Amino acid sequence: MDDALRQQIGRRGALALGAGALASSPLWAQSLVDLGFSENDGRRPLTDAFPGKTGMILQRTRGPLLETPMAAFDGALSDNPATPNDRFFVRWHYADIPLSVDAAAFRLQIKGAVTRALSLSLDAIQSLPAVEIAAVNQCSGNSRGLFAPRVPGAQWGNGAMGHAVWTGVRLSDLLDRAGIGAGAQHVRFAGLDRPPGDAPWFAKTLTLAQARSRDVIVAYGMNGVQLPLLNGFPLRLIVPGYYSTYWVKALDSIEVLTAPDTGYWMDKAYRVPTAPRASVIPGAKDFPTMPIGRMLPRAFFTKADAQAVRGIAMGGDAGVAKVEWSIDAGKSWHAAQLGRDHGAYGFRRWAAVLPRGSHTVAVRTTNLRGVTQAADPIWNPGGYMRNVIETAKVTVA
Amino acid sequence: MNRAAPIIALLLVLGGCQRYATPGETHDGGGAPQTIALGSQSMTLPTETVVLPASAEIISTNCTACHSAELILTQPKLKPEQWAAEVTKMRTAYKAAIAESDDPKLVAALVALQGGAAR
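The listed protein sequences derive, respectively, from chains H and B.
Using UniProt numbering, the letters of the first sequence correspond one by one to residues 1 to 397.
Using UniProt numbering, the letters of the second sequence correspond one by one to residues 1 to 119.
Looking at chain H on its own, in the form it has when it is part of the complex:
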């Protein structure tokens, strides 16, 4: 595990081994990283082959699953914690994703239980009041490869996440322009990606109250420029504090519903145990579930060596109250230094100054709701919502 962490954060960086030595590595991949999984199965190629992306961990070519190496998140306490667009993780469910979008022809449909259905051009959307929010976008299954026992699915390390400043318009402004109709309860979102054959169309639904939160926006900007196609150009739903499954990419359909969405992606997929921390006994079945929702606090190492012990933290659905480190297996905790606060939903950099010696250092975040990370692992069959305390081995000379 500690070895795994060192590899994840890139102390060894890309292994000297040619990527071609791995059967699951494409010819165009450059080198390997090791995500440090339990079956010694964490080696993945690094690739620059995807448009607008640099140095990404290849999880799947079709539809693209690209993970951000932990080293890409590293920086000094005073550095901006935003993840550059060319390092931002990518996750599509199906292979048929938008490869070309005509900005002039694109329309966002707002329909269903509304007083007047709208078909909005990008110009029309950009004529509405612009707002901006810093928020972490984290895959529901981030860190799935670290579950024990292991579960099937994309075997992410910790890098299926990123922090960006999102620019766009409030969803509530759009809904107000359409006018909420009688009996409206939920709002369903879908994009330009398409399923194979008769597989269920990807669509996600929020309650009307969630959708009307002032933090929820329809974004056309990511870190000051238009979104990369791979991250959802031209529009992406931003649901700060919620897992990325709701952050629908290439958003072109907003449908107000008068009944709950019984579609596959709400009713069957992305569901978690209702139990605390979404955790059940490994192998358990037939437990009550609910759609995955709000994120939990986490702290990650981006560097842990003789020079620096530092990383990034997130509060989940509330700001970071504190980040603490321990070198005595959690018996005593010490406040880490914190970087600038970028709001309730952003990354916050942390750094620890450790005494001399060899340590196993643990780091935990507590958010402003008072929710803190725990050391004991969680388990659920989807491999969702991991937020276990991370540790690293370090020698301070």
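No lab work stands behind these hints: they were computed from the structure.
Please note that the accuracy of each hint is not assured.
Cut-off 30 Å, straight-line C-alpha distance, at most; resulting in silico cross-link-like pairs (DSBU-like, lysine-lysine) [claimed, not checked]: (1) H:K322 <-> B:K77; (2) H:K331 <-> H:K393; (3) H:K268 <-> H:K322; (4) H:K285 <-> H:K268; (5) B:K79 <-> B:K105; (6) B:K77 <-> B:K105; (7) H:K268 <-> B:K95; (8) B:K79 <-> H:K268; (9) B:K77 <-> H:K285; (10) H:K285 <-> B:K89; (11) B:K95 <-> B:K105; (12) B:K77 <-> H:K111; (13) B:K95 <-> B:K77; (14) B:K79 <-> B:K89; (15) B:K95 <-> B:K79; (16) B:K105 <-> H:K268; (17) B:K79 <-> H:K285; (18) B:K77 <-> H:K393; (19) H:K111 <-> H:K268; (20) B:K105 <-> H:K111; (21) B:K105 <-> B:K89; (22) B:K95 <-> H:K285; (23) B:K95 <-> H:K111; (24) B:K77 <-> B:K89.
Negatives, chain H to chain B, calculated, CB over 10 Å [as the list claims (entries may be wrong)]: (25) A71; (26) S100; (27) G112; (28) D176; (29) V225; (30) S326; (31) H334; (32) T366.
Only some residues are given here: those of chain B computed to face chain H with a beta carbon under 7 Å [as the list claims (entries may be wrong)]: (33) M43; (34) P46; (35) E48; (36) L73; (37) P76; (38) A84; (39) E86.
Here the structure is a predicted model, which is why all the values come from computation and not from measurement.
Virtual Cβ for every residue (Gly too), placed ideally from N, Cα, C.
Given chain H, work out where chain B should sit, using these hints.
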């Protein structure tokens, strides 16, 4: 006044009091959110080069239309019943055209591809 506004915004930023916790608040750039130019985009994705071994033909036939080979090759070791559940899920939830009569052979091939069943 017009000339003073950017200077005031800059001073606010330098004062370190700017946060962008909620939409509408200013951020590092100060003032209103910056204008974002939207232009058409298109891209070409890299082609797949990873293939499954010839011995896994039944997996190529039934699975790789939707899953590229590297995702299949990087799954953790699963027990036969776990693979069977995955195959069933693909058929029922995702409407994959997998003949039920192929299930035993398909599950056996998936287990074999991983070098034997999980303990």
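Here's how the hints hold up against the structure:
{"no.": "1", "hint": "H:K322 <-> B:K77", "verdict": "violated, 38 Å"}
{"no.": "2", "hint": "H:K331 <-> H:K393", "verdict": "holds, 17 Å"}
{"no.": "3", "hint": "H:K268 <-> H:K322", "verdict": "violated, 36 Å"}
{"no.": "4", "hint": "H:K285 <-> H:K268", "verdict": "holds, 14 Å"}
{"no.": "5", "hint": "B:K79 <-> B:K105", "verdict": "holds, 14 Å"}
{"no.": "6", "hint": "B:K77 <-> B:K105", "verdict": "holds, 17 Å"}
{"no.": "7", "hint": "H:K268 <-> B:K95", "verdict": "holds, 14 Å"}
{"no.": "8", "hint": "B:K79 <-> H:K268", "verdict": "holds, 22 Å"}
{"no.": "9", "hint": "B:K77 <-> H:K285", "verdict": "holds, 20 Å"}
{"no.": "10", "hint": "H:K285 <-> B:K89", "verdict": "holds, 15 Å"}
{"no.": "11", "hint": "B:K95 <-> B:K105", "verdict": "holds, 19 Å"}
{"no.": "12", "hint": "B:K77 <-> H:K111", "verdict": "violated, 45 Å"}
{"no.": "13", "hint": "B:K95 <-> B:K77", "verdict": "holds, 25 Å"}
{"no.": "14", "hint": "B:K79 <-> B:K89", "verdict": "holds, 15 Å"}
{"no.": "15", "hint": "B:K95 <-> B:K79", "verdict": "holds, 23 Å"}
{"no.": "16", "hint": "B:K105 <-> H:K268", "verdict": "holds, 27 Å"}
{"no.": "17", "hint": "B:K79 <-> H:K285", "verdict": "holds, 16 Å"}
{"no.": "18", "hint": "B:K77 <-> H:K393", "verdict": "holds, 28 Å"}
{"no.": "19", "hint": "H:K111 <-> H:K268", "verdict": "holds, 24 Å"}
{"no.": "20", "hint": "B:K105 <-> H:K111", "verdict": "violated, 46 Å"}
{"no.": "21", "hint": "B:K105 <-> B:K89", "verdict": "holds, 17 Å"}
{"no.": "22", "hint": "B:K95 <-> H:K285", "verdict": "holds, 23 Å"}
{"no.": "23", "hint": "B:K95 <-> H:K111", "verdict": "holds, 28 Å"}
{"no.": "24", "hint": "B:K77 <-> B:K89", "verdict": "holds, 18 Å"}
{"no.": "25", "hint": "A71", "verdict": "holds, 21 Å"}
{"no.": "26", "hint": "S100", "verdict": "violated, 4 Å"}
{"no.": "27", "hint": "G112", "verdict": "holds, 24 Å"}
{"no.": "28", "hint": "D176", "verdict": "holds, 15 Å"}
{"no.": "29", "hint": "V225", "verdict": "violated, 6 Å"}
{"no.": "30", "hint": "S326", "verdict": "holds, 29 Å"}
{"no.": "31", "hint": "H334", "verdict": "holds, 25 Å"}
{"no.": "32", "hint": "T366", "verdict": "holds, 18 Å"}
{"no.": "33", "hint": "M43", "verdict": "holds, 4 Å"}
{"no.": "34", "hint": "P46", "verdict": "holds, 4 Å"}
{"no.": "35", "hint": "E48", "verdict": "holds, 5 Å"}
{"no.": "36", "hint": "L73", "verdict": "holds, 4 Å"}
{"no.": "37", "hint": "P76", "verdict": "holds, 3 Å"}
{"no.": "38", "hint": "A84", "verdict": "violated, 12 Å"}
{"no.": "39", "hint": "E86", "verdict": "holds, 6 Å"}
Checked against the numbered hints listed earlier, the structure breaks hints 1, 3, 12, 20, 26, 29, 38; every other hint is satisfied.
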